[in-house]
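Asker: Here is how the chains run, residue by residue.
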Amino acid sequence: MDGGARLAPGKTPVSEAITFWLGCNVLRHGDIVHACVDILRALGVDAKVVGGPDYCCGSVKDANLATEAGMAKRTAQNMAAAGRARVVAWCPSCHAQMNEVISRAHQTPFSIGHFAELLLERRAELAKLLAREVPLRVMLHEHHAYDRRVPINAILAELLALIPGVTVLQGSYRAPGYMCSPLAAMPPLMERMCGRTVAQARSLGADALVTIYHQCHRELVGLDVDGHLPVHNYVQLMARSMGIGYADEYRAWKAAGSGAKPLLGEARIAAVGEALVDRALLPEFARRPWTPKR
Amino acid sequence: MSDPDRRAGEARPLDPPVADGVEELFLLERERILSGCTQCGRCFEVCPMVQDEPALAAADAKSAVQGVLEILHARRASPEALAWVARCAKSGVCDEHCPEPVSPKMMLRLARIMAYGGLGGTAQLGAREDPDFFNKVHAFARLQLTGEEREQWTVAPASRLGKRP
Numbered sequence: 000m001d002g003g004a005r006l007a008p009g010k011t012p013v014s015e016a017i018t019f020w021l022g023c024n025v026l027r028h029g030d031i032v033h034a035c036v037d038i039l040r041a042l043g044v045d046a047k048v049v050g051g052p053d054y055c056c057g058s059v060k061d062a063n064l065a066t067e068a069g070m071a072k073r074t075a076q077n078m079a080a081a082g083r084a085r086v087v088a089w090c091p092s093c094h095a096q097m098n099e100v101i102s103r104a105h106q107t108p109f110s111i112g113h114f115a116e117l118l119l120e121r122r123a124e125l126a127k128l129l130a131r132e133v134p135l136r137v138m139l140h141e142h143h144a145y146d147r148r149v150p151i152n153a154i155l156a157e158l159l160a161l162i163p164g165v166t167v168l169q170g171s172y173r174a175p176g177y178m179c180s181p182l183a184a185m186p187p188l189m190e191r192m193c194g195r196t197v198a199q200a201r202s203l204g205a206d207a208l209v210t211i212y213h214q215c216h217r218e219l220v221g222l223d224v225d226g227h228l229p230v231h232n233y234v235q236l237m238a239r240s241m242g243i244g245y246a247d248e249y250r251a252w253k254a255a256g257s258g259a260k261p262l263l264g265e266a267r268i269a270a271v272g273e274a275l276v277d278r279a280l281l282p283e284f285a286r287r288p289w290t291p292k293r
Numbered sequence: 000m001s002d003p004d005r006r007a008g009e010a011r012p013l014d015p016p017v018a019d020g021v022e023e024l025f026l027l028e029r030e031r032i033l034s035g036c037t038q039c040g041r042c043f044e045v046c047p048m049v050q051d052e053p054a055l056a057a058a059d060a061k062s063a064v065q066g067v068l069e070i071l072h073a074r075r076a077s078p079e080a081l082a083w084v085a086r087c088a089k090s091g092v093c094d095e096h097c098p099e100p101v102s103p104k105m106m107l108r109l110a111r112i113m114a115y116g117g118l119g120g121t122a123q124l125g126a127r128e129d130p131d132f133f134n135k136v137h138a139f140a141r142l143q144l145t146g147e148e149r150e151q152w153t154v155a156p157a158s159r160l161g162k163r164p
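The listed protein sequences correspond, in order, to chains A and B.
Quick note on numbering that gives the first Met the number 0: the first sequence kicks off at 0 and runs consecutively.
Quick note on numbering that gives the first Met the number 0: the second sequence kicks off at 0 and runs consecutively.
One chain only, chain B, in its complex shape (with noise of 0.2 Å):
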């Protein structure tokens, strides 16, 4: 195993809550990735998808770095900023590199979210959406699972009062 801090297997318990609610949680990773970053762009340097793709990689570090971070002040960016934020994967590699108590999967999560004009501001990325996304996960359990198996499976006690027909 490669990693010594865990033993194989074991079961990790969620720590409480350190906000109320999803936007408010990602107000707070903004502020703190606002306050921890130093633009240094180790990030960027190591990111998997940056390197596949020469003409990204090409462009300065540092400057795609303080392109993200201006998406986050929802200012408008630079083009290698926005690309990059459009080809993140969620490798995580960034995050092994950081050398800040920051997390540049989330800085970039959080960069995308807002470009597509989520927690205010003004869209500068179009969202790739499937609109039939959930009609296909239902028509998939349609087509294999048993009646009783949706039903006990993919209709939350919850939902049984305006279940869906």
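Just chain A, same shape as in the assembly (with noise of 0.2 Å):
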């Protein structure tokens, strides 16, 4: 990313006061989390932030009903704690998983909507602090929208368009499913959308491809660091455009892949266990989604 500051808290007034939930795999990304942070700041939104297995919405534990029901009870009481009229959601999960299930199964004193959706609310203020140019012809990666109600390719359409210097191309593929994890699941679907990706991609005269979700930006990262294409978040070029810049640390990690430890360096393999480093992380740096056939 380009350099830059985060920004200084309490120069905006404050206009708004929401709970800004994180979900869980975003915190991989932790330029993309300070990013949004700073955007809701400088919006004059105060965000209670929250995040992670405490506020889990239990969606991944399909597998195991019982888990699945009580984090989902846990997460709506402590949503209900925060005591915030109005939640924003980075996480497509998350919020399907609120609207279809948790919301309908306990008390939730609260609405519910997409970060996306908050950005476009405020779409005029947010232009004026889009200042920088970000000279880049883009295409969105699109999938199917997570909630008929949230219009989510055509809300980035629009983000991204207040963006100067970004040209937005409209190409006619749509991913299946509705963000990648699914089809990180499946190597050979996932390997078959990621050539369609970057065929339309290149067909279209695009400089970079745009994720919506951490989740494909996990995944499609690794087209980067290989070369096929440049993959950004949408955050990450609203971040450049305003000025403040973070180090896209997970794509440094997914670039040195299983020779990632020098980057995470001895404290912070410390922190987190060496054995988690080896078995876990090195392993989801080293993967890649797409091997082109010569």
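Among the clues, some could well be false.
[Claimed, not checked] With beta-carbon atoms standing in for the labels, derived distance ranges:
1. A:R201 <-> B:P130: 13 to 23 Å
2. B:E95 <-> A:K292: 52 to 62 Å
3. A:R201 <-> B:E148: 31 to 41 Å
4. A:T11 <-> B:S158: 28 to 38 Å
5. B:F133 <-> A:A84: 25 to 35 Å
6. A:P261 <-> B:D14: 48 to 58 Å
7. B:S62 <-> A:T11: 55 to 65 Å
8. A:P134 <-> B:G119: 53 to 63 Å
9. B:S158 <-> A:A274: 19 to 29 Å
Derived from the structure by calculation, the hints contain no laboratory data.
Treat the numbers as computed from the prediction; the structure is a model and nothing was measured.
Cβ coordinates follow ideal geometry from the N, Cα and C atoms, glycine included.
Two independent chains are provided; combine them into the complex using the hints.
Answerer: In structure tokens, the structure reads:
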């Protein structure tokens, strides 16, 4: 990412207080999390940030219904205890689980929406913050919308068009599923999807692919580090245009693959536990979503 | 915007609960689907995950749906029904095309839960759970968030008495 500094807190008058619900897996992408928090602050939104297992929606536990039910109940209670009238979700899985399951099984005294919807709602203020040129012709990585009431692909096309210098190229291919994580468990399907995505981006003359969700970013940044196609998350482009910059460490780890330990450093490896790094993190960094047939 | 029914960015209030807990909700949904589904097969025909797999796309749509309903009855299902259930990636295209007041997306999710052995019955599918799922979430938080951010953002007040070290 471009250089820049985090926004100093307290510079913008607060216009609304919300709960900003991260979910779990976006915690892989500290730059995206921090950029979202800074964007909210710059928009005058007082965000109580919550995420991780204490606020897990439970949707990953379909194979263990008792656990899923317990997590859903705990999260409903924790969200209610946060005391904010509006919850804004980053993760589409969490948002869908709240709408389709949690709120129908537990008291949820708040409204729910997606982060991109909040940005769209405040697009006039957001446009004023997007001051720097980001000269890129981009293709949006589209899936089917995770909720019929949230036209996420159209919202993102509109938001990206707010960034000076960004041109959004419209293709016809839409990846199956609502994001990449279910596809990642089916490598042949993932390979076909990546192949079609790269081919379409090239045929459109795109400089880069833009992801909406962290889960897609986590998989598709593998295309970037292998030199097939630059991949950015839309929040990274917004941060760049606002002049706030963070290192995309996950991308660097992905590029280093199984040799990422020096980037993590001894102190952080010790904090996490070397056995977990070896067993779970390095294999994830080494995994690639696509190997083109020669 | 493609959805004329709502204003862009509008926050949606959540409806009151219809069940007491997730298990009860899923049992209610199961009954609703079993009584409402007419097995027309439209959900199978429009599914992007079916269309992506030629062997599955060649299956009879009505039979595939019938097989999914067998899972909801806690009975043994056909291979194509199990293959469809295992492949569901929650595109939700089925919900847009279903002519009945049921959600095929929920039908497939319930069938997957039951095929895993949830809600009683014999498991017909092996679950693919990552035993390190939450370990990795904690690890990445430690790698990239400050201690203060982890404390404020990822530890719910109700957890503080017994919080993790």
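Asker: Starting from the hint 25 to 35 Å, judge whether the C-beta atoms of F133 of chain B and A84 of chain A obey it.
Answerer: 29 Å, holds
Asker: Has the hinted range 53 to 63 Å been met by the Cβ atoms of P134 of chain A and G119 of chain B?
Answerer: 58 Å, holds
Asker: Using the beta carbons of P261 of chain A and D14 of chain B, state whether their distance is inside 48 to 58 Å or not.
Answerer: This hint holds: roughly 52 Å between Cβ atoms.
Asker: Could you tell me whether the CB distance from E95 of chain B to K292 of chain A stays inside 52 to 62 Å?
Answerer: Cβ of E95 of chain B to Cβ of K292 of chain A: about 34 Å, so the range 52 to 62 Å is violated.
Asker: Cβ-Cβ distance between R201 of chain A and E148 of chain B: within 31 to 41 Å?
Answerer: 39 Å, holds
Asker: Quick one: are S62 of chain B and T11 of chain A within 55 to 65 Å, going by C-beta?
Answerer: About 59 Å separates the Cβ atoms of S62 of chain B and T11 of chain A, which means 55 to 65 Å holds.
Asker: Given the hint of 28 to 38 Å, check if T11 of chain A and S158 of chain B actually sit that far apart at their C-beta atoms.
Answerer: 31 Å, holds
Asker: Determine whether the Cβ-Cβ distance between S158 of chain B and A274 of chain A falls within the hinted range of 19 to 29 Å.
Answerer: This hint holds: roughly 25 Å between Cβ atoms.
Asker: May I ask you to test the hint 13 to 23 Å on the CB atoms belonging to R201 of chain A and P130 of chain B?
Answerer: For P130 of chain B against R201 of chain A, whose Cβ atoms are near 39 Å apart, the range 13 to 23 Å is violated.
Of the numbered hints given earlier, the model fails hints 1, 2; all others are met.
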